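These are the residues of each chain, in order.
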Amino acid sequence: MQRVGVFICWCGTNISSTVNIDEVVAAVKNMPGVVYSKDYQYMCSEVGQNLVKDAIKEHNLTRVVVAACSPRMHESTFRKAAKAAGLNPYLLEIANIREHCSWVHKDKKAATQKAISLTKAAVAKAILNQPLIPGEVGVEQRALVIGGGIAGIQTALDIADAGYEVDLVEKTPSIGGKMAQLDKTFPTLDCSACILTPKMVDASMHDKINIYSYSEVEEVNGFVGNFEVVIKQKARSIDMEKCTGCGICLAKCPAKTALSEFEEGLSKRAAIYTPFPQAVPNVPVIDRETCTKFRTGKCGVCAKVCPTGAIDYEQKDERLNQKYGAIIVTTGYDLINLDSFGEYQYADHPDVITGLEFERLVNAAGPTAGKLVRPSDKKKPKKVVFIQCVGSRDKSERGKSYCSKICCMYTAKHAMLLRDKYPDCEAYVFYIDVRTAGKGFEEFQRRAVENYGVNYIKGMVGKIFPTGDKLKVNGVDALSGEVLEIDADMVVLASATQAKPGASDVGRMLSISTDRDNFFTEAHPKLRPVETHCAGIYLAGACQGPKDIPETVAQASAAAAKAIGILSKSKLVNNPCVSQVDESVCSGCLACTKMCPYEAITEKMVEQKVHGKIRRRRVAEVNAALCQGCGGCTVTCRPGAIDLKGFSNKQILAEVDAICQ
Amino acid sequence: MSVIANNAAVKNAQAFEPLIVAFCCNWCSYAGADLAGTSRLNYPANIKIIRVPCSCRVNANFVLRAFQRGADGVIIAGCHPGDCHYMTGNYYTRRRFSLLKNLLAYVGIEEARFKVDWISASEGNKFADVMNGVLEKVHKLGPNRKLRDSRWRR
Amino acid sequence: MEKIKEEIRQIAREALTGKKVDIILAWEKGPLWYDSYPAFFTKEEEVDSLTWDSFCINNLSKYLLEETMADKKVGVFVKGCDALAFNQMMQDNRIRRDNVVVYGLPCPGMIDPDKVRAKRLNRGLTEVKQSGDELIFVTKDGEITVPAHEVYYDKCLYCHYPNPVVYDQLIGEKVAAETALDRSERFSQVEALEALSAEERFAYWDSQFSKCMRCFACRNVCPACSCERCTFDDDDLDILGKAREDSEDQFFHLIRAYHVVGRCIDCGECSRVCPQDIPLEKLNRKLIKDINALYGEYQAGLDPSTKAPLVTYQLEDADSFTAGEKGGKGT
Amino acid sequence: MKKIAKDQLALLWEKIDQNYQLFLPIAKEKAVNFSTWKEGAEVDLDALRTVNSPKNIIFPQTETYLTFKKEGKKLGLEVVSRDEEYVVFGVRPCDVASFKLLDNVFLGEPVDKFYEENRQKGLIISQACLNPEETCFCNAFAINPESAPVGADVATWDLGDLLLWEAQSEKGKAFTEALSDLLEDVSEDDRKKLDEVKAGIKDKLEDLPLVHVAPEKIEGGLKEIFASEVWDELYQRCLGCGMCTYVCPTCHCYDLKDYNGNGCGERFRCWDSCMFSDFTMMAHGNPRTTQKERVRQRFMHKLVYYPNNYESYACVGCGRCTERCPVRLDIVKVIKKLGGERNEL
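Chains as they are written, first to last, in my numbering: chain A, 1 to 661; chain B, 662 to 815; chain C, 816 to 1146; chain D, 1147 to 1491.
A few of these clues could be false.
[What the hints assert, rightly or not] SDA-like mimics (lysine to any residue), calculated; alpha carbons at most 25 Å apart, straight line:
1) 1403/D <-> 850/C
2) 834/C <-> 1363/D
3) 613/A <-> 1167/D
4) 526/A <-> 772/B
5) 1403/D <-> 1068/C
6) 888/C <-> 1435/D
7) 1026/C <-> 1420/D
8) 1363/D <-> 850/C
9) 1350/D <-> 938/C
10) 1026/C <-> 1488/D
11) 650/A <-> 1363/D
12) 526/A <-> 702/B
13) 609/A <-> 914/C
[Said to hold, decoys possible] One side of the interface only, derived from the structure: several residues of chain B facing chain C at Cβ under 7 Å:
14) 677
15) 729
16) 762
17) 767
18) 768
19) 802
20) 804
21) 809
[What the hints assert, rightly or not] To give an idea of the chain B side of the interface with chain D (calculated C-beta under 8 Å), a few residues:
22) 812
23) 813
24) 814
Everything labelled a hint here was simulated from the structure, so no lab data went into it.
Treat the numbers as computed from the prediction; the structure is a model and nothing was measured.
Backbone N, C-alpha and C define an ideal beta-carbon position, used for all residues, glycine too.
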């Protein structure tokens, strides 16, 4: 027989003004198992907690119920108190008589009855509570960063600086990401390469950071502190040890037919290439689809010219198994495909370009060596129209309902760069709204209007008609209602950002969720912005939602701090409210394994003595370190062989029974 | 006459105090109920909440047990699909209880007596609305006798 | 069927003498005309009493439970519906496939003795012979010929899978898979109930459930009920008492039906064995109908490698309870 | 001997119902069971065999012994007893015979007071079987389906439009007396007709397919039969449901359970089945761990243990298990397998 102590909190007048405490105390005394009850004005205060502690010792309480505020508020407080008094903390239950009772009901009598009922349910549950002991697992003191853009670089540097090994996995041949493609950055107009390149070099030189470029994460298993990851290193066809990055092969390669990804297709590159001159690592890769040697077997020029013999046509993909304590996802974003925006002629007219293409066109290292000319005839434009929100804030099928966040600012930047280069060139910006929430952002945009004379037009462009060598832009000025027709030489589209196409696959691999737009979901939109629902996996940068560089970097450091928090521990404790299998009842149907969101349940064979005979049986087995305690498996289990500690079938049924009295 | 009749009606209405058992997931709906409290919203005391980690923890047994023990209505509330703290738990809830709800209706349990809804941690208002809505309908239906164990005294 | 019977016996003999299997699971004939029942053959000479006729309704897959069979090698004869059951038990990991040799029997349909009695064809009946689509009832006073579909079980008339969907060896020719009745009609009784008011529906089911004696025949015969220990037998959890109490009868039947959701192959055995004639198939079919409507057509037991509807989901699944209800019929 | 026209029966039910709880074979949702008569009930006197045997009336599936109520720290107890006298109409001779078998168990020392009260408060009206079914084998237990069975307070015969009525016991006579305004005396013709019908039944019985069942031909003592290899084969197809025991008029094992109904509750006795894996479950486990042992237990009890104690078989040949067993593991097959068959009549 359990000895239950019940402690009823007044919460000042918060509870006591609506709930008649005396009546609750009186009713509690008659509840089965209750041997002690006490009310106090502030149970969570030190004095109140001492009441609990003292009573546990004095009255040999084996179970404790605190009727007070929400367990989300003070369950841990009281559990600590119980623990301090020598009682297993999980033998304590909370009855929520504030948020769920005194604060939502006016009728004192009804509220009092309900408080009694809720307390009774808590007592009924507590009697069935079992002492639980959180398990401990070791932590692999190494972090994995997936994605080598600015977010990934920053995260890796922060973690490495804290003294932990970091593996940075990048899909493309070089780290740097989207930021490497940018010319200048708002709102300071400092050169993107000038601030990024040193960080890339830092990362490559850091003795705690290992960069796996041209690699992908292929498989993730395990759990916080102990992730087991398979990294695929794609065959580069170059021996990274031997290559000096001299670049002769790049120049001599005869197959210069592929469109350069880095230059957004505005120029061609060789089959053997580094994406850009400052690439890290500065080791080329052979694009086997373009390479003549791989296509026809003939050529081999690069191998002939390589002074160190680094070219290796026989190289194969390699797989690397590594264990990590924490994972940070920094996979970044993409721009949407504009094929379905036919009215803007993007697919059909070379002088209609995206903002990212504009960045390359104005970049001194870009395809035009920084000379801003029309892609079609290489002439200097006289009139340039910028269109914002192409696909952003667009609820239709082809667009994205959200704001891409960065376009207002970079469009202002583009217009300023344009006017700076060619003061005689007119710049028009069509916008729905101009959003400049950020430090120095509003000032920056005003400068574009006031100092640079950029024409901002509130309204959308209906259609663009290529007429002769001009692009006739038809739009409406929404403020005046005037129909506008601008003969532009170039049109720059601020196309919407979107999650990487493979994001949902990555999410599935990592068991982290994605939202309806395939951006990864943070654990809480406000209070846990860099955590995911999967312990030990964190998010940074635009893979979680559209972001500019300062935000990305801030989040990257935040994610790093969270990861360091895990890595700095030698052991982690688990939530002990996990599922467990009664092997004697389990039929081995494994329905539970199919629904478990964490793949925490596996099968195993057991040998059981049944009526004197040894029977080998298949049963389910829960990995307590992986189980997060949702309890979904318990419902798939028809015979109830799998049950959730802390929320067992019997406990919940007891609560139902008690509530229905 | 009419006054007396009215009084009797009022008395009857008062005599029926429905009991609604609500299973709320810890991360969204229970927190939503907490928010309803913090915001001092109002809903009747007839609704009593049982905390479960996830709506997918709710077993059909619990729902039927509540009816057996005299509940006049049962509610299951969880995170909105896609927002589950456990990623996918409530997708299973959705399937399980779509079928159970129809099955209960099929054997003659009035539909208004069993409600499943999605209430996020920020939807204190919705929590109160859903609770009030169910209660209002159950009140109209009157006490539930179906599935109820004749031996149980409430 | 006579010819097939001889073939079955031959196969059984060979399998036993060749030590291909330790046990043959088939049927045997008892003293009454409808009396064909499951039988376990371990010796060649016993096989002479093996039978195959229009009364071999029993589903032998149910006997293949791992624990029942220990490590013995079993040869089992399965009809179309038995094969679905076999697959369902495979999906539930309850059969050790490599210990079983499955002999598939295309099934012409099975005779419902109640329909024979209702036609008063059982007087002095000694034997029933099959001849194409007709059945010949041999009595002491002569022979009566009846169209087969008039006396087959209702479930056979809706049967879409008379040919086993799984087998190691198929015996005889496959039969035509056309159903005698429109397959969608199998939900017509469910729809008729759905059309009633809540009160009428409750009254209907209450009077059905209150007949229940809790003998558990429906559960024990069910190929989807294969748990090591049924939750209803869990004394510790105690969700179902032993008293005759309407509430408990209702609880039992709702949970029984709910526990086979997405796993019920609609073989109708539960209804057949119910001593009180409770139409349990109307519960099962309601759930099948709703699964089909909400989550797409699903036939349990067709493919053991698929996930049952309740252990999977789609992001855009419909539900039956929010305002934007997308399907499934509540009432 | 009395008689009543069949179209007058409704009046008879009404009359009996005024003073007694009246049980009749009533069809509900396709199943005929003994249940209490209400006006408009679908009485089916032609049904030879109700699903549930009338055992359910004298030894109900659930019978509450006592109720308890918690008052503060005290517990109030109240013994429950059957409140009304009752009449069961239409009990077939085999089922009447089964009552005697139950009496042996419950009325022997120590007397089961609840059962005793049930029996005392009841009046049994039998109905002879003029059309035995193919699954009937009561003759194997020397039961005459056409007769007025011992143990019935009143015996009746259905002659088409007429129901013949003969009081057997003192209780039956008094009861008949009370109904005298509805019952009239039989004529010589009626008696003659009854004799003809009875004689006809003899022939029908000899034609029944299970007529060769003869449990007395089973050879061997308790230990031999227990150790017989027959059980190894017989049990195999048993699904372990409890249908045979629940439809059986002679099975009488029960369990005692409590229901906790929130500060109050009740203790009840309910049927149990030796086919269930939790039957006679004890702290150390179940004494019969496999289905073979359970099947053997059931039939050993019917054919060996019970006869050893009471000198009669615990089977009345009603044919319920023969008809209902999902896998046709009925007592006829067991008796035959044990050698209980005769070649000639």
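How the hints compare with the structure:
{"no.": "1", "hint": "1403/D <-> 850/C", "verdict": "violated, 38 Å"}
{"no.": "2", "hint": "834/C <-> 1363/D", "verdict": "violated, 38 Å"}
{"no.": "3", "hint": "613/A <-> 1167/D", "verdict": "violated, 54 Å"}
{"no.": "4", "hint": "526/A <-> 772/B", "verdict": "violated, 37 Å"}
{"no.": "5", "hint": "1403/D <-> 1068/C", "verdict": "holds, 21 Å"}
{"no.": "6", "hint": "888/C <-> 1435/D", "verdict": "holds, 23 Å"}
{"no.": "7", "hint": "1026/C <-> 1420/D", "verdict": "holds, 21 Å"}
{"no.": "8", "hint": "1363/D <-> 850/C", "verdict": "holds, 23 Å"}
{"no.": "9", "hint": "1350/D <-> 938/C", "verdict": "holds, 12 Å"}
{"no.": "10", "hint": "1026/C <-> 1488/D", "verdict": "violated, 38 Å"}
{"no.": "11", "hint": "650/A <-> 1363/D", "verdict": "violated, 53 Å"}
{"no.": "12", "hint": "526/A <-> 702/B", "verdict": "holds, 23 Å"}
{"no.": "13", "hint": "609/A <-> 914/C", "verdict": "holds, 21 Å"}
{"no.": "14", "hint": "677", "verdict": "violated, 18 Å"}
{"no.": "15", "hint": "729", "verdict": "holds, 5 Å"}
{"no.": "16", "hint": "762", "verdict": "holds, 5 Å"}
{"no.": "17", "hint": "767", "verdict": "holds, 5 Å"}
{"no.": "18", "hint": "768", "verdict": "holds, 4 Å"}
{"no.": "19", "hint": "802", "verdict": "violated, 9 Å"}
{"no.": "20", "hint": "804", "verdict": "violated, 14 Å"}
{"no.": "21", "hint": "809", "verdict": "holds, 6 Å"}
{"no.": "22", "hint": "812", "verdict": "holds, 4 Å"}
{"no.": "23", "hint": "813", "verdict": "holds, 5 Å"}
{"no.": "24", "hint": "814", "verdict": "holds, 5 Å"}
Hints 1, 2, 3, 4, 10, 11, 14, 19 and 20 from the earlier list are contradicted by this structure; the remaining hints agree with it.
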